[in-house]
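S.K.: Spelled out from the first residue to the last, the chains are:
Number of protein chains: 2
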Amino acid sequence: MDDKRTLIDVGDGTSDEDDPIIPSKGTGHSSKPKEDAGLVGLNEEPATSSSGGAAQSISGIYHLIDNDQPPLLENNTPSIASEIQTNGNAGSTNRDINNSEPIFHLRSRTAAASTPNYESLDYEVCENTLFQDEQRKRLAEPFSLRKDVIRWIIFIQIGIITALIACSIDIIIEELSELKYEFLIKSVQKNVPLSDASDGDLVIPYLYWLLFSILPVAFGAAMVTYIEPITAGSGIPQVKSYLNGVKIPRIVRIKTLAVKAIGVITSVVGGLAGGKEGPMIHAGAVVAAGISQGKSTTFVKDFRVFKAFRDDHEKRDFVLGGGAAGVSAAFGAPIGGMLFSLEEAASFWNQNLIWRTLVASIISVFTLNIVLSAYHGLNDFTFTGLFNLGKFDQPLKFDYFELPIFMLLGVTGGLLGAAWNSLNTRINKFRKRFIPWKIGKVIEAVVVAIMGVTLACLMIYFINDCRPLGNDPTNHPVQLFCEDNEYNAVAALWFQTPEATVRSLFHDPPGSHKILTLTLFTVVYYVLSCATFGLNVSLGVFIPTALVGAAWGRLLAMVTFYLFPQAEFLHPGKYALIGAAANLGGVLRMTISLSVILMETTGVESSFFFPLIIALISAKWVGDYFNEGIYDTQIQENHVPLLTWEPLPQYKGLTAQKILSSPVVCIKLRDSAHYIYSMLKKCEHNGFPVVDDVQGDRRSEGRVCGIILRSQLIVILLKSLYVENKRFWLPDTSIQTFRDLYPRYPSIKSVRKLDEKINYTVDLSMFMNPSPVRVNPHDSVPRIFQIFRALGLRHLLVINSENRIAGIITRRDFIYK
Amino acid sequence: MDDKRTLIDVGDGTSDEDDPIIPSKGTGHSSKPKEDAGLVGLNEEPATSSSGGAAQSISGIYHLIDNDQPPLLENNTPSIASEIQTNGNAGSTNRDINNSEPIFHLRSRTAAASTPNYESLDYEVCENTLFQDEQRKRLAEPFSLRKDVIRWIIFIQIGIITALIACSIDIIIEELSELKYEFLIKSVQKNVPLSDASDGDLVIPYLYWLLFSILPVAFGAAMVTYIEPITAGSGIPQVKSYLNGVKIPRIVRIKTLAVKAIGVITSVVGGLAGGKEGPMIHAGAVVAAGISQGKSTTFVKDFRVFKAFRDDHEKRDFVLGGGAAGVSAAFGAPIGGMLFSLEEAASFWNQNLIWRTLVASIISVFTLNIVLSAYHGLNDFTFTGLFNLGKFDQPLKFDYFELPIFMLLGVTGGLLGAAWNSLNTRINKFRKRFIPWKIGKVIEAVVVAIMGVTLACLMIYFINDCRPLGNDPTNHPVQLFCEDNEYNAVAALWFQTPEATVRSLFHDPPGSHKILTLTLFTVVYYVLSCATFGLNVSLGVFIPTALVGAAWGRLLAMVTFYLFPQAEFLHPGKYALIGAAANLGGVLRMTISLSVILMETTGVESSFFFPLIIALISAKWVGDYFNEGIYDTQIQENHVPLLTWEPLPQYKGLTAQKILSSPVVCIKLRDSAHYIYSMLKKCEHNGFPVVDDVQGDRRSEGRVCGIILRSQLIVILLKSLYVENKRFWLPDTSIQTFRDLYPRYPSIKSVRKLDEKINYTVDLSMFMNPSPVRVNPHDSVPRIFQIFRALGLRHLLVINSENRIAGIITRRDFIYK
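Protein chains in written order, with my numbering: chain A, 115 to 931; chain W, 115 to 931.
Honestly, the hints are just simulated from the structure, not real lab data.
One or more hints might be untrue.
[Unchecked claim] Below, in silico cross-link-like pairs of lysine-lysine (DSSO-like), each with a Cα-Cα straight-line distance of 30 Å or less:
id	chain 1	residue 1	chain 2	residue 2
1	A	K796	A	K863
2	W	K511	A	K505
3	W	K766	A	K766
4	A	K505	W	K261
5	A	K511	W	K505
6	W	K304	W	K294
7	W	K795	W	K361
8	W	K766	A	K421
9	W	K511	A	K511
10	W	K304	A	K251
11	W	K766	A	K261
12	A	K795	A	K863
13	W	K766	A	K840
14	W	K840	A	K766
15	A	K766	W	K251
16	A	K369	A	K304
17	A	K766	W	K421
[What the hints assert, rightly or not] Output of the computed footprint for chain A on chain W, the stretches with three or more beta carbons under 8 Å from beta carbons of chain A:
id	segment
18	271 to 279
19	478 to 489
20	700 to 712
21	716 to 723
For every residue, glycine included, the Cβ atom is placed at its ideal position computed from N, Cα and C.
Kindly generate the complete structure, drawing on both the sequences and the hints.
M.R.: Below you can see the structure in the form of structure tokens.
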């Protein structure tokens, strides 16, 4: 055990000055993120050697509180003791069986230093005595039913309000874009009056265009950068992480929603290569969290309703519904919305929850439909504009021999998508490194906006692509450089929002574009979208990805048709759709919900599902060969400890022993307030096993009888729930006492010193969770991973055959690579 | 502990004669169902008193093997011992807190006597040493990938073959029905030649009709009754039970599939009020099980492929895909198919599994599409007949004020559905009681067929509903009793399959029927379908239910329009659709998948989802107030231990202690072959905790170190895997040794006596599952229910704080009411 002690001493060495910066392990407390922004994870530990020290650090993470505490696990079965010993020695025999390389690598110091220390959500319900008391009360009164009814009402509200927000964003963007492009077109017509002369002056429209791009983009970027940086990007990675069980600070606040809404409006109107769909999903999540909690941190307002829903478990369920409602509102795809939430989130398929989610989605679509119908002056609910990407007029047909072509398109999409992801990641890394200043981030966004406008202007100026008017698909044809009765097809592509361009590419009649136009457009947009995603603006990646895909899909069909004019099956709209699917599959890799969303947004027949799926699968598989989806890449870049669906391949063949953290800081069932206080001060863990049958102070040798959370301990200390003054607090204390402070429990620092109560005792039997999930040290990692994920756990206790603690496993233990 | 011992003695009393009929507990072994058909469950125990004895029997189920075994739990903590004591005493103090009535009731003796003793599936993967060895081998070779690829191939095959079977059934039914009704129409035209005379002779067509109904129905009913009774009904309840984790004997055999296919063809052609959809789903399940196992019991053929998939876990996953493919093929609804499987089955949302299921569904729809397109002579894949219930030509519109009407329709559907379920259950109970003979069941089916034909003939004869030809919706208009250029609308309703009638009701132009016609038709069909479901024929309930709903929905619209002729919104097809949704919601209550299936099969716009959902929800909630859905009712009638989604309300507030079974029969880690043999002979349990640290023979006081299944023990005895002859078998023994016998492990009776090896020892450490899930006695039932369901367990061990066994919980413990 010697080298383990050494390692722990090294760890203590870094925190000698009673510094809060103790090397801790993911579960580290950070309910007030700012306070422990300096807190660092395992990563910060002096990396003695990146290969040999890796396995060591795994077992040396949990710090002994008092140095008098004897070495752990003395009385364990020999096999376990020797295993731990093994863990401490690099290049052990056990590991040699599988692999000669070490399994765990430390992340690089630089990456970890700037990483916030994410916490997990407490999805597990703590069924302590207080909880059971409440349950019993509910069984007496018909409260149980009432809670169910309220839950339904909240879900319906989520659907409605999410849709209203989505509508507002949608309408404002549409109106402002209309104004902007109308003005630009007029300006073009004024300054380039000659229909056949190519010497017209495009400079003034160009400057106007620049102005109308720079102003909103700068405004949006500044808001995002200075007010709420978490709103940058689409928000889907953050929502996904939240639903996965990771607490992302400030992700579901109303302020975030406001900034996000304004941010997305300005960015889309500004003409950046992005869509409004991702932010709408984020908006749905915020709405859900806000409504269900009945209070707002931003407005420091507590409406005193829905108090029973104030815990992580309920909140996450509502956010699930909110995300689904957001997708539904964004795409008009209720089933797709439900599946999106499931794909990203649910580990346990709870029928009632899914049913509520589906209803929220449908109500969201319905509300959107009512509002948009009214807005467009229709008096029945047949606003087909809900089909975001345009419904195909006639059923799309295909032949057997096209299936390999679709597969080829899928492969192309996979390759392009993987390249896009890789390029985007590089750009973002570069960005992080060389643009650390806030003002720089705003300027960067403006530069990208200028780049976009300039490239578009150059394309319009140099490409001569005039089409006859008549079956023109645009609302505002620009005559620019064209004959009378003709319009400029290049300008038509650029003078609208990206979403409208996708629609054009899907539905424009054959022969609407030149091959050269589309080629250049594809290349320009590919690069532009890659440069845009990662800017400090609120923008989704779905629409630009679909746009690029639709462009090259249509392009390929046109080129092939040009080469083989007898190939009449090459309907350009169909190939644009397949191309969009392939590109989306290649970039996002969210196969299930994506396919359903595409089916729903384009209203294709169910017989066309098959080509779509072929393209999506090929794209996903090819893309997966090279890298991960863009959302997952972003999550990894942010070092969010996201649980995958399956345990990582490295973990196959390992047992719990190999990944557990030990020794574990334990608390006695009846422990002194002093011990708890000083322990909370000294370490940052969030869950502490409660033990019984303890010899003196050798707590970590006791028998496990439960687990208690840091937040619960802090409430106990704050409210002075001691044994000695039990008669004072007992009547008033209920589970509500703990819920009142949710979700922002105070830090231990805000608990005053206990001078006079220093010797008081805390009896945890009433507060602890008496049924923590426990596994054996020899259980395989895939198995415990399944348990961990299926039950949505935060802490998993590893016990030996005598029910004594052998270690603890948390989310991070499944993630280190 | 005295009364517990008494109870056990009473139990032993019934099995004194070394009879296999030992009172056992659901988990009882019955891998050869015929052999222990006489086996009875807890239900058979002499019900001392239905209220007081209930709690007793819960704790007295597991029998002590040797009478020398001392009373259990001597050295437990006092609280647990006293709790168990409490369990033994009726009307204990603990239960008084919640309720003065006892919580558990014995089922009636009569019901239980005829009930097969269902087993659970072993969904939990037994990660023993052999399994880990295999895993390690796989890590070495690229087998892991190969297994994944093979799994994909199997899922694709499932999709294709299910679709082909569905196609065949579909085409045969269509062709034969066409022949039948064409012949009948000709016969009508021949025998009732006068267009304006009502004195035509309908007797000869009536007799022909009878003949063409009786012959196929009698044939089908005879096949079902004499060859494979499990094929009766739709098969959905059985598939649902299987996916829930209950082993239904013979449910996934090829013989079952053959009988089912022929049964459904004959019944639908015979004109019974039923659909082919349910049987198609069952067919998908059989196909999946058959393909994935690579062997057939019916043909006694082992193809020696896919051996790695021979366990309950893999098989259930494949059956999930098969069910989804079946739904997709039946309805042309791939997403609905996927959701059906999820709604009915999945407890753990495994992304990869869902993805494979979706692909199987889509491939199934695609294959169906190809075949049906080819069959109908179309050369692209736009066979829109895939929309089983007909696609609406124009988007269905609705107004705000119609929403309450839809809700009213939903309530009506709920009431009618609940009444239907209740009536059907009564009819079936009556049937079970008064028609026990096989021939009686066949005759009954024939009688119902005759009844149907007679009622139809009477309606055609007495109702004069002639409509002008021209926009007639039928393929073969019958002129019967009508003027030239007119057709008989009543005959049009009856002279086709029920599915075609649903389509007519949805899509016939307004004014196609008389109010009187539809009223009578609704009443007749309501009664007919109620009498049909439960006959010994293979028929689904989906189509007749939709038909009744469509009929009364259309009827209501017509009546209202008749009363208020200015109400132009009353599109009869729209109301027929809402009526069908409401009636389906009222009868089936499968809300999620049902709504998606309806959306997909009718191709309505997403804006019309909302009315559908309103009707479905209202119907479900109203219906749920009265009784359960028809599938669940059937499952209950058959006493299948299906796990619900939430624990039953009776269990709220209880702890594990209150429902566990104890004492538990345990086995030592190294135990004698003799003990294992005699124990298997004496008791019928399927899982035995493996214990260590045992004082003498006091096995049930040992520390738990694993769990072993009955089937594994039998293999160990059969193959003589003893410690003493280890060197002989060790090299050849792998997890494959155990898989070879799957799924029909021999009974203990087929293991020969061990005379010479009687003192040999079995070391279970290699074979047992070392990581059984364990809970505490004081854990709440809702919590352990969640664990049980989320992890798909079969046995849940309850241990005390010293890791010694306190009891065992199985599926049945969550189900007694």
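S.K.: Return the numbers of the hints above that this structure violates; sort them in rising order.
M.R.: 3, 4, 10, 16 and 18
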